[in-house]
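Here the protein sequences line up with chains Z and V, keeping their order.
To get our numbering, take the position in the first sequence, counting from 1, and add 39.
To get our numbering, take the position in the second sequence, counting from 1, and add 39.
No lab work stands behind these hints, which were simulated from the structure alone.
The model shown is predicted, which means the values in this text are computed figures rather than measured ones.
A few of these clues could be false.
Because identical chains cannot be distinguished in the list, a pair is counted as satisfied if it fits within a single copy or across any two copies.
[As the list claims (entries may be wrong)] Using 20 Å as the maximum straight-line C-alpha spacing, the simulated SDA-like pairs for lysine to any residue come out as follows:
1) K252 to S568
2) K252 to M337
3) K664 to A583
4) K664 to H59
5) K252 to P329
6) K252 to D138
7) K54 to P654
8) K664 to G101
Protein chains: 2
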Amino acid sequence: MTTAASIRIRLAQLKVCPGHPTENTARMLEMIDAARSDGVELLVFPEMAIPGYLIGDEWERGAFLRECEQCGEEIAAASEGLIVVYGNVGLDASRRNEDGRVRKYNACFVAENGRFVERPGLPYPFAAKTLTPNYREFDDSRYFYDTRKLAMETGCNLGDLLQPIATSRGRLGCMLCEDGWCGDYGISPGRMLADAGADILLNISCSPFTLNKNHKRNRVFSALAAECGVPLVYVNNVGVQNNGKTVFTFDGSSCIYDSHGHQAGDIEPFAEGGFTFDLPLQRGASFGLPINLVDDGMPTLYRAIQYGTQTFMGQCGIERIVVGVSGGVDSALVAAIYGAFLDPENLVLVNMPSRYNSATTRGIAADLAANIGCLYTEIPIEDSISVTRAQMDGLTISSPDGSVSREVTLSPFVMENVQARDRSSRILAALAAALGGAFTCNANKSEITVGYSTLYGDLAGYLANLADLWKTEVFDLATYLNAEVFNGDLIPAKVMQIPPSAELSDAQNVDQGLGDPLIYTYHDRLFASWVERWDRATPEDILAWYVDGELESALGYDQPIAGLFRDAAEFIEDLERWWSLYQGMALAKRIQAPPVLAVKRRAFGFDHREAQTGPRYTRRYQELKEALLAG
Amino acid sequence: MTTAASIRIRLAQLKVCPGHPTENTARMLEMIDAARSDGVELLVFPEMAIPGYLIGDEWERGAFLRECEQCGEEIAAASEGLIVVYGNVGLDASRRNEDGRVRKYNACFVAENGRFVERPGLPYPFAAKTLTPNYREFDDSRYFYDTRKLAMETGCNLGDLLQPIATSRGRLGCMLCEDGWCGDYGISPGRMLADAGADILLNISCSPFTLNKNHKRNRVFSALAAECGVPLVYVNNVGVQNNGKTVFTFDGSSCIYDSHGHQAGDIEPFAEGGFTFDLPLQRGASFGLPINLVDDGMPTLYRAIQYGTQTFMGQCGIERIVVGVSGGVDSALVAAIYGAFLDPENLVLVNMPSRYNSATTRGIAADLAANIGCLYTEIPIEDSISVTRAQMDGLTISSPDGSVSREVTLSPFVMENVQARDRSSRILAALAAALGGAFTCNANKSEITVGYSTLYGDLAGYLANLADLWKTEVFDLATYLNAEVFNGDLIPAKVMQIPPSAELSDAQNVDQGLGDPLIYTYHDRLFASWVERWDRATPEDILAWYVDGELESALGYDQPIAGLFRDAAEFIEDLERWWSLYQGMALAKRIQAPPVLAVKRRAFGFDHREAQTGPRYTRRYQELKEALLAG
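Okay, chain Z solo, but in the shape it has when bound:
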């Protein structure tokens, strides 16, 4: 190691295009050239910078792996005159993974002067991830062997494998993402690397954005840097990656922690870019600012949704969007979000009234389009609905020999769903196809939780970009955008005043103050306890809290819940109604729902895996219920 006072380091917050190694490598090579010109000595790219991370079972394809390896060699060859650190899949053709396929690691490579830095005595020229997460959206053990397994396999101590990588400018302690989030693993790879002499800890990550996650990351990583007494460099990518059912944004938010746990770094989140810093090399150097631990707010939430929507749309090659606008808040907010970045001729709002739609909501829809300035049309559904009713209501179906038969009746409930499907599967799908675009799904998380939406109807669309927000959060975001972003009621103020309603029957007449059967302020909190709560609640927990008078505080609901229901029987009836839907019909609908844009903990899809096994109530629940009803 030289005695220079500092090292010029650049955090390369790359926008990773998942599954496209050659494209990522081309941009990395440009960034290497630029860094060299700028006198950068250590350039750090994120985890899985070359292949991307959320790419499903593409890891099983030899042709893809060979391309990743070739790209990595090109990056190493380009490292003349500086140190380049990057994430890629690390391959070992001589060993097997536990699924019998070629051995793969989630690996951190270090190259300098045109070649990989050698690691005498260690099995690989790269550092492999030690802690492989298998929760939420993560499936690391499905694809990657890890340092712990390698230690067991080779009969050595983990510490023998967790060694810093010695470059000309210092010993780099290379961690990959979860290695820094080690609280539940009983070992700390960062601490072990520091103990083994690392001068700098690096954490390269591919860490999806989750509301308030950076708050925790700042606590954890700052404590780790301070505990180890060495600076810690955190590099995360930006972009959008998905695993089919769930779409994740990556905010980057790369930064440096000094050895006191203070922070430096000013990269714009959700944007490709670099942060260059002359990192002091003397032990104990103080260069950061104390961390300001603040929760994310509406601006961050909006940024994530807007960035995720726009980026995913682009990745899918979609240029035109059709939004079915009902006059309600969900579709209005979706339209406003697209309107903020699409040209007016590429955004079509469609109102599709039936006899049940009020002039009020139809007026709102037209006003919304006028405010956005985009294309707008009304396509009524009455004629088509009449055809369906005429063809099927009262129809008798028989066996060809006439021995058995059955009468068909389209009940009012069936007709509600007929309307919803007519709108999406007949009108929106055809319109989007005719325009060479896609139509949106405007469902929110409350609806999706209990299936208060129609499959092939309002649950259809190419992306559900509000589906990780409760209905109350949809209102909050719409209110925030009008006030702080749109500088006026781009979303018509009336949207916020009418009751939320599907307007599929006379019982849902907004002009009479009628609407959805949900008390969103309460039910959103109830549903969140089932879906988002770390220790996920069930009706058993809910009843136990209810009996103990703790339900309000457990749910974070600020009104007396008893005031919402006539008595315990009605409370229980409501609870069972929604829980049975959540684990029953709503689950069946979610299996066929569009991809959900995840912005919080436990978005539906890959972050909330579920099986169709029917609603479940525990014995303890039944006991609590009986006692409550008897009392």
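Using the hints provided, position chain V relative to the given structure of chain Z.
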């Protein structure tokens, strides 16, 4: 251990209801009573007999885990006078999993005389799974800690933990499923248990049916028993479990291998039942028959599909089924499968003709219903299609201020999909709802691979029970059923003679011999190489084989492929057309597709995870292509 010559053992091939511990426990208690009456000394239930196995993230719910634990205690208490072995989740409230939640193991419990058999010196009263699979549909590491991690955590050797459980009738070497499939793990828990003195090896499993899997299991388990020189008892459950996108059947096929690797056991597959056997206890006793290693055939395939369909339908609480029948083979086979077990008044076939549907196919549909004897009707789509065309074709959409506008044209291609959506989302969905039933998705694997089906159209339905079969396999199964099961052409012979066709335009007129753009005999083999092949092929592999003249043998296609295409350019055009769809639009459709009934390796869904990242062609592919086109 006593010196009795044999032990009476019963393999309890339980039908497990996933997510319903109390129901499973009730049946287990009945089976324990029956076993005691029959003088059974050792009763063995499958892995995860109490909770079920594929239940998604339900493992994160404390109320559910407490119920499972309570059920386990009831089973132990009932073990008076015999030894009971069963699978359940094993909990350790004092430790954490790596996701921070309570410590859980996939565990095998042994109880005798009313209590759990003690294990002095070992951390738990149960044996935990050592090898946790994380491939195909398996996510064990997401939920369960394992013996290898426990060894690392506690700093002991794995062998210290892998000890037989000492009962009054012998030392039981308890393995859980994957522990027996250890070829790629570098350790053999079975061998270690035998070396540690096990008198009998038990493998309790919850192992989904896959065509020809038992062939491999017989090889692997027979070799293990022979290698260890002790008998091996294999107990697998029956029933149906799912993880949302994919539905798996369990065939049981429980049996015993003697210490020479020979097999005994005659339990009917896909049926709850027991196999009782007086197992000789002297070392080296020979009591089985040499294994007949045969691949599964059509009877097994049909049994799995019929069992899976009927059981899943029952678990979903569905009693009536609507099948849209086009006159083609897919819908005819689906109707025939339901017809084999549903009462005629609970099965409705619907033909939904447009101007493009031939009298030929309409006649087939009516004949099929007559042969099955179920309900039948025709509901034409022309009127509804006309409404759509009149409302939208030629429509001009403008912004409210008139500054921008766009013309809508419903092209023939758009109108094809309009027809398909009209049938499923308008007619079938309403009819199923009106009858209180569900409608089927009749898609096959060929269509789903390349998206040759319409989202919200023929890709809709509650279950796609043929979607793991290639089109050629659908024909084979239909032919087999007519010949061997239905004793005549229940599926009208004409179905097999007309070309496969969507009949959505004049270009698909079956009476003129026109139909689908796929050469199924070839494309099925091509698609299988992308989806089902162990070493999954890509266009790079396909082109390399093509250049080397090895494509036919690599795909298992028995005709010269060159004969199918004018030249290399046309071959490549075809390859890229389907690959781009497979990784592009078809993938987007699969995300919203119904659950697939899995019967083979790599069913779409949870066994074939994928991300929307756009079609990918490697650099090497581009080089091969350029060379080929230049040559």
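Right, here's what the structure says about each hint:
Taking the shortest alpha-carbon separations for K252 and S568, only the intra-copy value of 19 Å comes in at or below 20 Å, while the best inter-copy value is 41 Å. For a Cα distance limit of 20 Å, the shortest separation of K252 from M337 inside one copy, 14 Å, qualifies, whereas the shortest one across copies, 52 Å, does not. In the homo-oligomer, the alpha carbons of K664 and A583 lie at most 20 Å apart inside one protomer (9 Å), although the nearest pairing across protomers, at 66 Å, exceeds that limit. Taking the closest pair of Cα atoms, K664 and H59 come within 20 Å of each other only across two copies (19 Å); inside a single copy the shortest separation is 55 Å, beyond that limit.
Only within a single protomer do K252 and P329 lie at most 20 Å apart by alpha-carbon distance; the minimum there is 18 Å, versus 59 Å between protomers. Within a single copy, K252 and D138 get their C-alpha atoms only as close as 32 Å, which misses the 20 Å cut-off; across copies the closest is 15 Å, which meets it. For the homomeric pair K54 and P654, the shortest alpha-carbon distance between copies (19 Å) is at most 20 Å, but the shortest distance inside one copy (42 Å) is not. Proximity of K664 and G101 under a CA criterion of 20 Å is satisfied inter-copy only: 18 Å between copies versus 56 Å inside one chain copy.
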